[in-house]
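Quick note, the sequences are listed as chains A and B, same order. Going by the numbering used here, the first sequence opens with residue 1, and the numbers climb by one from there. Going by the numbering used here, the second sequence opens with residue 1001, and the numbers climb by one from there.
Keep in mind the hints are simulated off the structure, nothing from the lab. There's no promise every hint is true.
Stated by the list, open to error - Under the rule of at most 30 Å between Cα atoms (straight-line distance), these lysine-lysine pairs were calculated in the DSSO-like manner:
no.	chain 1	residue 1	chain 2	residue 2
1	B	Lys1266	B	Lys1176
2	B	Lys1390	A	Lys26
3	B	Lys1176	A	Lys158
4	A	Lys160	B	Lys1266
5	B	Lys1176	A	Lys160
6	B	Lys1011	B	Lys1152
7	A	Lys26	B	Lys1367
8	B	Lys1337	B	Lys1390
9	B	Lys1390	A	Lys160
10	B	Lys1367	B	Lys1266
11	B	Lys1367	B	Lys1337
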Amino acid sequence: MRSLLLAALAAYLIAAIHSILAFVNKRRSLQRVAEWSTAAGFILHTAALAADWVIDGHYPLFSLREALSFLGWALVALYSLVLYRYRTQAVGAFTMPLVSALTLLVLLIGTNSSNAPAAFSATWLFPIHTTLLIFAYAAFFIVFMASVMYLLQERELKLKTFGATFHRLPSLTTVNEIATSSAALGLTLLTLGIATGVIWSSSRFGRFWRNDPKEIFALLTWGLYFYLTIYRLTAHWRGRSAAWLGVVGFALVLLTFVGARFLGSYHVFG
Amino acid sequence: MSILLVGVNHKTAPVEVRERLAFNDEACASGLRQLVDGEIVREGLIVSTCNRVEILGATSNDQLEFSAGRIAQFLDTSGSLPAGFLNAHLYSHTNEEAVRHLFRVASSLDSMVVGEPQVLGQVRHAYALGVEAGTVGRVLNRLVHHTFRVAKRVRNETGIAANAVSISYMAVELGKKIFSSLKGCSVMLIGAGEMAELSARHLVNAGAAHVTIANRTEETARQIAAEFGAATVPLDQLDQVLHEADVIICSTGAPDYVVTEARTRKALERRRNRPTCFIDISVPRNIDPAVSNIPNCFLFDIDDLESVITSNIREREREAERAELIVQSEVMQFQQKLRLMDIGPSIGALRQNMHDVARAELARQRKRLGPLTKDQEEAIESLLMSTVNKISHPLISQMRRLYESGESDAADIQKDLED
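Given the sequences, and given the hints that come with them, work out the whole structure.
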């Protein structure tokens, strides 16, 4: 539903602008506006997805357009969780502009380029596979963002520059915790997502592994985040290097999400 | 009624002058009773702190100048200074300016350190003394309560007091940027100087759970430890406990490094790389600057602390600009409130009363007019109301004049109306 999505975009834009202003000016009133408009945008976006589902007759996560829309929606959901759990408003200043950009992109793409064949919507396993993976990507974005914040704040503390970012970014412990828990969440989702994909593939094509670029990248991503999670758990506090891993890992995620397609993956999106 | 404020502060008068003017609680009460005569100065209160001595008064409009002179004279005599001596130091604000000044003082915008929290308490105390002395009336009551509201707004809506500007509080500030909360953190003092002790006190107030003190002379360590319920450790056993501390404050008089890089590396290994905040306030420095190169170790020496303070003061000044806007809008609101408080309700009631009478008359005669269009109905209504307003206008102006000249009071007008 284009009009619903347009309304959601408007709400997200208001949220993005107010989040940035709240981040720069540290105003509680601005933050409140940002949170309310995020909530409004989320509801509208949910409605748009539901309407798509009803009108198109298939789970709204297949084409590029749908995948981007769903990713934006998942990002807002996870950002809300982080905000609720850690009260770190700075996260919004980074997430909401991205969500707005994604939503705008979805609107620009307009219509679905390819419609899902009946085979994909017939089974319930495929939508679960794609949903899990989209949420995993969103979780890895949160890891990425928290890692960047960690590196910036750590730099401020080490170099003792105490500029504007020092006053505005959350504490090291907080961003470290956000990164750790999001990485664990992302890894869990990724594991389940890959597992459902394997099961679906073997039941439909009789093969669970097809040496597809996306499959290979997904496995690499899985390996990296598995290492990251284990690293954080066993080596105790390794904030800086773990943060770098979080940044590098996200590059791999992007490659898996977008890049694999250009390498001739049979995967469409998700 | 008019409001005026006369006084000196740290910007206009040196401490030699301020100390002569300062009022203690008793002097304040007796001074107020002497100053406030119900005629020239109708209401008054004295704000006396180490940075300012200000007298806030309320008087009738025509006595305003008189009243200001009277207060200045009162300050001269109470400070036993020759007449006119204070002229060079004294400022005197009236009405809007006086209100603005008081709002700024209470919001800590006029303080030596912008955003310091004490001044509001001092204004509150001054108010309590005024109430006790019976010199705070209708106008100042309103004004002071509005002032508290403004100060609260400024505190809540701006970050004017958000960032620490004292060395001793810096440990808390930096600790919070590393650990999200200081609750449960353990603190170690190496050397037990006054500044270190003060820092530890701030950390404990912020939630730090354990304090350990390592000092060369155990006697001093024990004395301070007793205050915090802290543990003490001889300085030569530092290695056994160093890894337990999250925040380490070093202030010994030792001529060289007490906390060396090797020592720190070992401790960090034992605490499994959990971050540690080192604060070195000793000169010569007691923590090897190379400690800063160890991952997860954050070392700040006295110069670093000074530079955070400079940065924080800049932040506060930025916030102060926003606070000025709040003050400005509140001053306008208060002026309006004051005007309304004066005669607003009476005039409002009078107008309402007249309009009601006019409408009742119209309703009585309405039937005779027969059916009318909507436009005609509106024309009659507006004709009636504007006639009433035009007739009542001179009357209301007269009331206002009477009131402002102090010959009549809102209460009198109310009474006249009721009669």
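Comparing the hints with the structure gives:
1. Simply put, Lys1266/B and Lys1176/B have alpha-carbon atoms about 25 Å apart, close enough for the 30 Å limit, and the pair holds.
2. Using a Cα cut-off of 30 Å, the hinted pair Lys1390/B and Lys26/A is violated, with the two alpha carbons roughly 51 Å apart.
3. Among the hinted pairs, Lys1176/B with Lys158/A is consistent with the structure: their alpha-carbon atoms are about 15 Å apart, no more than 30 Å.
4. Of the pairs offered as hints, the one joining Lys160/A and Lys1266/B holds, with about 24 Å between alpha carbons and a cut-off of 30 Å not exceeded.
5. Between Lys1176/B and Lys160/A the alpha-carbon distance is near 15 Å, which keeps this suggested pair within the 30 Å criterion.
6. For the given pair, Lys1011/B sits about 25 Å from Lys1152/B by alpha-carbon distance, which is consistent with the 30 Å threshold.
7. The straight-line distance between the Cα atoms of Lys26/A and Lys1367/B is roughly 64 Å, outside the 30 Å bound, and the hint therefore fails.
8. Between the alpha carbons of Lys1337/B and Lys1390/B the distance comes to roughly 25 Å, so the proposed pair stays at or under 30 Å and holds.
9. With a C-alpha separation of about 70 Å, the suggested pairing of Lys1390/B with Lys160/A is violated against the 30 Å cut-off.
10. The suggested pairing of Lys1367/B with Lys1266/B is violated, with an alpha-carbon distance near 101 Å, which exceeds 30 Å.
11. As the CA atoms of Lys1367/B and Lys1337/B are separated by approximately 43 Å, the hinted pair breaks the 30 Å bound.
In summary, the numbered hints that this structure violates are 2, 7, 9, 10, 11.
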